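Chemist: Could you slot chain B onto chain A? The hints should help.
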Amino acid sequence: MNTFQWIATPVLALLFVRAAFRLARGARPRWWLLLSAAIWLAAAVTILVPDLTTDIAHTLGIGRGADLLIYIVAILFIASFFFFYNRYRRLEAELTRLVRQLALENAERQHHEPPAD
Amino acid sequence: MPATGRPSVFIVVPAFNEAQAIRAVVQGLLRADRTIVVIDDGSADDTLGRLDGLPVHRLRHAINRGQGAALQTGIEWALRHGADIIVTFDSDGQHDADDIDRVIAPVAAGDCDLALGSRFLGRAIDIPAGRRLLLRLGVVFTRAVSRIDVTDVHNGLRAFSRRAASELVISMDRMAHASEILDQIAAHDWTWREVPVTVRYSDYSIAKGQHSSNAIRIALQMIAGKLR
Chain A
1 MNTFQWIATP VLALLFVRAA FRLARGARPR WWLLLSAAIW LAAAVTILVP
51 DLTTDIAHTL GIGRGADLLI YIVAILFIAS FFFFYNRYRR LEAELTRLVR
101 QLALENAERQ HHEPPAD
Chain B
1001 MPATGRPSVF IVVPAFNEAQ AIRAVVQGLL RADRTIVVID DGSADDTLGR
1051 LDGLPVHRLR HAINRGQGAA LQTGIEWALR HGADIIVTFD SDGQHDADDI
1101 DRVIAPVAAG DCDLALGSRF LGRAIDIPAG RRLLLRLGVV FTRAVSRIDV
1151 TDVHNGLRAF SRRAASELVI SMDRMAHASE ILDQIAAHDW TWREVPVTVR
1201 YSDYSIAKGQ HSSNAIRIAL QMIAGKLR
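Chain order of the listed sequences is A and B. With the working numbering, the residue at position 32 of the first sequence is 32, and numbering never jumps. With the working numbering, the residue at position 186 of the second sequence is 1186, and numbering never jumps.
None of these hints come from the bench; they were simulated from the model. Just so it is clear, the structure is predicted and the values come from calculations on it, not from any experiment. All C-beta atoms, glycine included, are put in the ideal place defined by N, C-alpha and C.
Derived DEER-like restraints, expressed as beta-carbon distance ranges: (1) A:13 <-> B:1169: 49 to 57 Å; (2) A:87 <-> B:1053: 40 to 48 Å; (3) B:1169 <-> A:79: 26 to 34 Å.
Bound-form chain A, shown alone (with noise of 0.2 Å):
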């Protein structure tokens, strides 16, 4: 093993070990947990076992498994761009929404008890 698989493994183990702990108590959301168990789960057997994405690569058309990994995280970095770009929009919308029922509700209060001045 190379310097940086003992660094980077025990880490990943850890994180593995936290999500899979906290999945065993019933914490929630579970596919949340379960997502980030498989993903730091799939992250120490890379770094591990790095022929294994070469392998993978090779069966894809893909010359290095360095490529592979750089190709899914681009994808996945995209991805996540647009979901939160768009979950961020969602959050305006409501968040006017509220500001506006907030507003309408508290001119109907004053319209009905006119200011006493």
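Modeler: Just chain B now, with coordinates in the frame of chain A:
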């Protein structure tokens, strides 16, 4: 619209940090046959306080959400209170209150669902050359993207029929709402026309108004809105 009598006209005035100008603007709008509603869009100054003693309805956004959001809030309030015609009017003193009757007229006569003020059919007093150019580009851009033959864009003076106002959905909270309104003309099959109005530029309104660099953001928001 009521079968008899005059239509009930509501004037919606969105305002953000307009303490300096708002009172004079609103005083110019006061008339017995109109209901005025000012929406303070989360101002940090005393915009609403400046209206004390004036017969206007005051709404307040707890936090700033943008002019599009404020307009939608004011329009919803006006619809709930029986508006037949809803006029939107900027709070920075650029518009001429005398133009209101002119934008209302075609809507009140049933000639169109939406009347849009146009400073380029009317007058743009003291308009900076850069602003004029930018607005002209905006017109070209809007004609291409929204496929609507307007002569002015981002003019805050408009009159909506009750039908159009009920169908209107402003989802662009910030400044792209003006283009969004134009997009909805085709979407809802509204009849529309432009009415010559006067826009008067002052140091105050130019400082308060949009920065020219916003134009690019608005264009991007419009395109993003189309892609949704």
